[in-house]
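Trainee: Here is what each chain is made of, one letter per residue.
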Amino acid sequence: AQSVTQLDSQVPVFEEAPVELRCNYSSSVSVYLFWYVQYPNQGLQLLLKYLSGSTLVESINGFEAEFNKSQTSFHLRKPSVHISDTAEYFCAVSSQGAQKLVFGQGTRLTINP
Amino acid sequence: ETGVTQSPTHLIKTRGQQVTLRCSSQSGHNTVSWYQQALGQGPQFIFQYYREEENGRGNFPPRFSGLQFPNYSSELNVNALELDDSALYLCASSPAGGSASYEQYFGPGTRLTVT
Numbered sequence: 345a346q347s348v349t350q351l352d353s354q355v356p357v358f359e360e361a362p363v364e365l366r367c368n369y370s371s372s373v374s375v376y377l378f379w380y381v382q383y384p385n386q387g388l389q390l391l392l393k394y395l396s397g398s399t400l401v402e403s404i405n406g407f408e409a410e411f412n413k414s415q416t417s418f419h420l421r422k423p424s425v426h427i428s429d430t431a432e433y434f435c436a437v438s439s440q441g442a443q444k445l446v447f448g449q450g451t452r453l454t455i456n457p
Numbered sequence: 029e030t031g032v033t034q035s036p037t038h039l040i041k042t043r044g045q046q047v048t049l050r051c052s053s054q055s056g057h058n059t060v061s062w063y064q065q066a067l068g069q070g071p072q073f074i075f076q077y078y079r080e081e082e083n084g085r086g087n088f089p090p091r092f093s094g095l096q097f098p099n100y101s102s103e104l105n106v107n108a109l110e111l112d113d114s115a116l117y118l119c120a121s122s123p124a125g126g127s128a129s130y131e132q133y134f135g136p137g138t139r140l141t142v143t
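Protein chains in written order, with this note's numbering: chain A, 345 to 457; chain B, 29 to 143.
If we strip away everything but chain A, and leave its shape as in the complex, we get (with noise of 0.2 Å):
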């Protein structure tokens, strides 16, 4: 059975400051993995993906995570963080043939001037 864990709940940060949200895997086949944002009261926000090739994937706002198999490991990264950053980010796996997404338990970024 997949898992993922999300080992830290909350992460407080200055503005402009690196930020790195750690989220690791358990899964005993090939996988596909994403971060979502959820901002307050809404939905959930396809992030940043890794489907297949490059293990470094980036997003259109500056975030970027990398795939490290050997460690089961997909952290999120950003060198500067924005006060617009501030939400709860989730972690999520599926693998191949798998109907469902499986979401880590989210960790509340919270970013102070």
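These are calculated hints, taken from the structure and not from any lab test. Please read these numbers as outputs of a predicted model, since none were measured by experiment. Even glycine gets a Cβ: it sits at the ideal position worked out from N, Cα and C. Not one of these hints is a red herring.
Ranges of calculated distance between the beta carbons of each label pair, as one might list FRET restraints:
1) B:Ser127 <-> A:Thr416: 15 to 23 Å
2) A:Glu402 <-> B:Ser55: 24 to 32 Å
3) B:Phe97 <-> A:Ser347: 28 to 36 Å
4) B:Leu111 <-> A:Pro423: 38 to 46 Å
Examples of chain B residues lying across from chain A (beta carbon under 8 Å, computed):
5) Ser61
6) Gly84
7) Phe134
Chain B: place on chain A using the hints.
Mentor: Chain B alone, transformed into the frame defined by chain A:
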């Protein structure tokens, strides 16, 4: 391109009642999945529909049921509501074929409160 839409936005029901939630998939997407997100938790997979048939189900009891229509829209029905059914219900759609079929795009959700 129209995104995933859900209705209603909010709903309050009494324990024991039945509820129907609706979802319209994103243009060009033929697969719909439903998730339950309890407060402070990650979404949990309920089931998925493809070509009007259930195509996978999570660990939810039979009182959670669904439908998909020829235009790919979908309904989630919950019978005999319990207090623990209070949650945000999320619908997601995905395109058919290849690795892109694993990408799911979510609607804004329906907030269900059971009293």
